[in-house]
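Peer 1: Sequence lines, in order, name chains A, B and C. For the working numbering, add 95 to where a residue sits in the first sequence, where the first one is 1. For the working numbering, add 248 to where a residue sits in the second sequence, where the first one is 1. For the working numbering, add 17 to where a residue sits in the third sequence, where the first one is 1.
A couple of the hints might just be wrong.
Just some of the chain B residues that point at chain C, by a computed CB distance under 8 Å [claimed, not checked]:
id: 1; residue: 251
id: 2; residue: 252
id: 3; residue: 320
id: 4; residue: 361
Just a sample of chain A residues kept apart from chain C, beta carbon distances all over 10 Å, derived [as the list claims (entries may be wrong)]:
id: 5; residue: 125
id: 6; residue: 285
id: 7; residue: 525
Okay, the calculated beta carbon distance ranges per label pair [stated by the list, open to error]:
id: 8; chain 1: A; residue 1: 386; chain 2: B; residue 2: 361; range: 44 to 54 Å
id: 9; chain 1: A; residue 1: 447; chain 2: B; residue 2: 382; range: 41 to 51 Å
id: 10; chain 1: B; residue 1: 400; chain 2: A; residue 2: 133; range: 50 to 60 Å
If you're looking for bench data, these hints aren't it; they were derived computationally from the structure. Using N, Cα and C, we set each Cβ at its ideal position, and we do this for glycine too.
Spelled out, the chains give:
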Amino acid sequence: MTLPNLDLPPLLPEIILIGMALLLLVVDMAARFRDARAEGSLMAGLTFASVLIAAGATAAGIGGGDASVAGVVLVDDLSRYLNLVVLLAAGLSVLLAWAYVPQFSRESSSFYALVLLATAGMMFMGKSVELITLFVSLEILSVSLYILTGFNRHQLASAEGALKYFLLGAFSSGFFLYGLALFYVQTGSTQLAEIAAQDSGGVLLLIGLGLLLVGFFFKLAGVPFHMWAPDAYQGAPTPVTGFMSVATKAAAFIALFRVLAAVPGVPVEVWGWAVAIVAVLTMTWGNFAALRQKSLKRMLAYSSIAHAGYMMTGLVAGTDALNAILYYLFAYAFMNIGAFAVAAMLERPTPNAPQDATIDAARGLFDRRPALATAMAIFMLSLTGIPPLVGFFGKLYVFGAAVSAGWAWLAVVGMLNSVVSAYYYLRVVVVMFMAPEDETSYVRSRIPAGAGTAIAVAVTGVLLMGLLATPVFVELGRAVIALR
Amino acid sequence: MVGQALFILTAGITLLMALGVVLARNLFHAALFLVGAFFGIAVLFILLEAEFLGAAQIIIYIGAIATLIVFAIMLSRHVMGKEAGAYNRNWYFALAGVVFFFLLLGWLLIKMPFNLVTAEVPADAIAQIGQGFVGHYVVPFEVASVLLLVALIGAIMLARER
Amino acid sequence: MTVPLSWYLIFATALFSIGFFGVLARRNAIAVLMGVELMLNAVNVNLVAFWRYLTPTDLSGQIFVVFVFAVAAAEAAVGLALMISIYRTRKSINVDELNELKL
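I would like the entire structure built from these sequences, with the hints used as guidance.
Peer 2: Put into structure tokens, the structure is as follows:
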């Protein structure tokens, strides 16, 4: 028998993360920590370091050409940029989790190990060009996120959100798998490249794609497959919410692009309509539901659903919109995790676990902590899509891609939705700057260094990526050329 | 003919077992039906000359997953016995949707022309499967081990007494 | 091979649909999980049948099924652990009684 020529160096970032996850578990066993805080800091520090190294290893490879490992994963610039989005989300979330997780858990090692493995799973998912690898890596991110969602064992909401997420996620895996099976049947191969080569637009591929889309929409929280999302996002520990709302979308969108590129025989007129309808439902429902939320975290959860809808708008343009969506994902990583980080600062601590922050908790925030309030205002304006912040360019590029692909009406729906969203985003700004402080107001008396850094990095990212929008967009366009 | 009769018998029993799983009000009975359904599928695998999968089906699904489910039912003893409301209020919508799904997909799959290949299963099928795991599919094999690690961490973390 | 492929396909579709119904209609979380397991098994039957009738000399189909086994086991382990942990505090794992989170 012949073993394949395994060329592992292109997978160095993933190997670093998995290795560190194992190391964390060993360190936890070897060292007996008396203080949850000390353990949390050590674990977070090690995790953050490995995320930085993995990002460095990824960035060093950009422009270095494509490398295929055993024919099942393809390391190209698209997947390298996906790595960076996911690692950015992971890094910011780890900074936020630094002081957050020890508040309710003495199991920091498991927490960070799962974050690292989920990150590695997402990175694998974005570079899978083979169905089995795609399925297994999707399951890695799903299963680890079920656990992370339920990680706060002092709050029932956390476990219940996790259970809903699990049941619907496992259910959607069934559809996803059925779709993969039909792909395999039509072509007798699990390689996306061979499927693309043989695709003559068979009915099986069409049904298979339909079933796969159901699976993807579940992961992206597209309406009507979103039922788990508000509960899981609200119940999960806030750093996890920030992480999964960004990184899951990133991995799922890139993997979806690879799948769509593999079925050229199924015309865009067919699946485009399915995507367009789901996109319209997703953004409209997400925005209108966000309007009537009292909890800041739940409002951001619905807003996250709406943003998935905006990104789906770009999907109808096919691979032409790839750089637009990639840009949006970077933008979203900065502004959304930034917003969740500020929300975490407004959570009133209880003996066991921090309590969910209401929007009213932000009353008079500007008077007490002008810097924090300004940062939050920047995130809110960016999420609304006000120029020259990064959120504006994200929407501009995504909607622009939809228009040039002939889906102008979809872009119009997206813009109208942005107007609706302005209402609830700006309400937070108004509450922070105009409303007087009262007994509902709360902000931590000391901002932990990790969370402070995360917020500062996010603000910088939102401003800088907005200013440098054009060069960044051009560079991303170069990176995704291979898939076109 | 014998093959067809055997298939109809096994498939019929398996479907009845599956119906038992979703219809039995008593969860413990549902779990026993599930074991039956898993076993029927193992027999179908053997009829399809996938003996390795038949054995793996029994070891993994019946030996591990079904056992795990029975444990979970016993650990949440409260839910054993008859449940007053085993179903959602909207179960008939679900039924309509599922019947529609079945008819649509079933019709499409029957209509589908397949290029049937009549060839013998290779004698060293099991060896080829093994080679696949360390050959072409070595990366997903390793990725699957990461998935099992995740499950291990999670199950221990979640089920541990507080 | 005397059994037509379409019989297997119909059987698998029926099994998938039964599992699907179980997921949609049952209230107890363990019962929902059992429905999911039936769905995954149905896909496995599809894969094995397709392998036998379409590509009997290429064992990718069987390998795919082994991966599905691993995924199903991982999901079941985590899901059941989650249910047990919820049951400890709530004494109920009916899906529609998960009301800690409200709209």
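Peer 1: All hints are to be evaluated individually against the structure, with a verdict given for each.
Peer 2: Structure-based check of each hint:
A distance limit of 8 Å between C-beta atoms decides the matter here; for residue 251(B) the minimum to chain C is near 4 Å, and the interface restraint holds. Hint status for residue 252(B) relative to chain C: holds, with the closest Cβ pair at about 5 Å, below 8 Å. With a cut of 8 Å, the hint placing residue 320(B) at the interface with chain C holds, because the nearest CB-to-CB distance is about 4 Å. With its C-beta approaching chain C no nearer than about 11 Å, residue 361(B) sits outside the 8 Å limit, and its interface hint is violated.
Residue-level check passed: residue 125(A) sits 25 Å from the nearest beta carbon of chain C, beyond 10 Å. Annotated as non-interface, residue 285(A) brings its C-beta within 10 Å of a C-beta of chain C; the closest such distance is 6 Å. With a cut of 10 Å on Cβ distances, residue 525(A) stays outside the contact zone with chain C, its closest approach being about 24 Å. At about 51 Å, the CB distance of residue 386(A) to residue 361(B) agrees with the hint of 44 to 54 Å.
At about 47 Å, the CB distance of residue 447(A) to residue 382(B) agrees with the hint of 41 to 51 Å. Take residue 400(B) and residue 133(A): their Cβ atoms lie about 25 Å apart, and the range 50 to 60 Å is violated.
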